[in-house]
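*Asks:* Note that the numbering used here numbers the sequence shown so that position 51 is 51, with each residue one more than the last.
Mixed in with the good hints there might be a few duds.
Restraint-style ranges between C-beta atoms, simulated for each label pair [said to hold, decoys possible]:
#1 D92 - E64: 26 to 34 Å
#2 E10 - E173: 19 to 27 Å
#3 D92 - D49: 35 to 43 Å
#4 P143 - P115: 29 to 37 Å
#5 D49 - K141: 38 to 46 Å
#6 D92 - R2: 37 to 45 Å
These are calculated hints, taken from the structure and not from any lab test.
Since this is a predicted model, take the numbers as computed values, not measurements.
Yeah, the Cβ is synthetic: ideal placement off N, Cα and C, and Gly gets one too.
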Amino acid sequence: MRYTDGPSVECDLYIEAAPPRVWDLVTDIHLPPRLSPELQRVEWIDGADSPKLGASFVGYNRHEQIGEWRTVCRVVELEEQRRFGWIVLDVDGRFAGPDGNHTEPAAAWCFEITPETTGTRLRQTARIGPGRSGISLFIDKVPESEEDLVAFRLGQLRTNMDAGLQNIKELAESDR
1 MRYTDGPSVE
11 CDLYIEAAPP
21 RVWDLVTDIH
31 LPPRLSPELQ
41 RVEWIDGADS
51 PKLGASFVGY
61 NRHEQIGEWR
71 TVCRVVELEE
81 QRRFGWIVLD
91 VDGRFAGPDG
101 NHTEPAAAWC
111 FEITPETTGT
121 RLRQTARIGP
131 GRSGISLFID
141 KVPESEEDLV
151 AFRLGQLRTN
161 MDAGLQNIKE
171 LAESDR
């Protein structure tokens, strides 16, 4: 699996809470920094103050192997109480590499909500690439290990996503 192919990971779980409650949690961009080991804080920009198509927010990130960086995320999918998706851009060019191209998304994230029995099925997906990101720095150094590096990164994302979804579940169900 090559990075430029846009490999992805998907996690889901059932939450015994109504879709509107789950929607409120997944569209609160200030919640993930409380749940994520990488994302440290976020803020809406350009006059946005809530999820709307085209709205943007800045994410401030930290990873033990690559340090700190900033991204700009733009909402590209928004279907009320169904889908909330955004792309991640390396606007500062931290990972842009030799060609300096930082216009392609470094990642795409999405929450999908589906009513199910008396609760909600919550699915989260993350696709990395095709634009450059932190993992690109490692691939540059050891290109022959690209598939292993991509698999490792997807594993990190899956672990973090599973934990985040579990935290969302606990928050949503604690209101019952």
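*Asks:* Compare the structure with each hint and give your call.
*Replies:* Hint-by-hint comparison with the structure:
1. D92 - E64: 26 to 34 Å: violated (20 Å)
2. E10 - E173: 19 to 27 Å: With Cβ atoms ~22 Å apart, the hint holds.
3. D92 - D49: 35 to 43 Å: violated (23 Å)
4. P143 - P115: 29 to 37 Å: violated (45 Å)
5. D49 - K141: 38 to 46 Å: Between D49 and K141, where Cβ atoms are some 41 Å apart, the hint holds.
6. D92 - R2: 37 to 45 Å: violated (25 Å)
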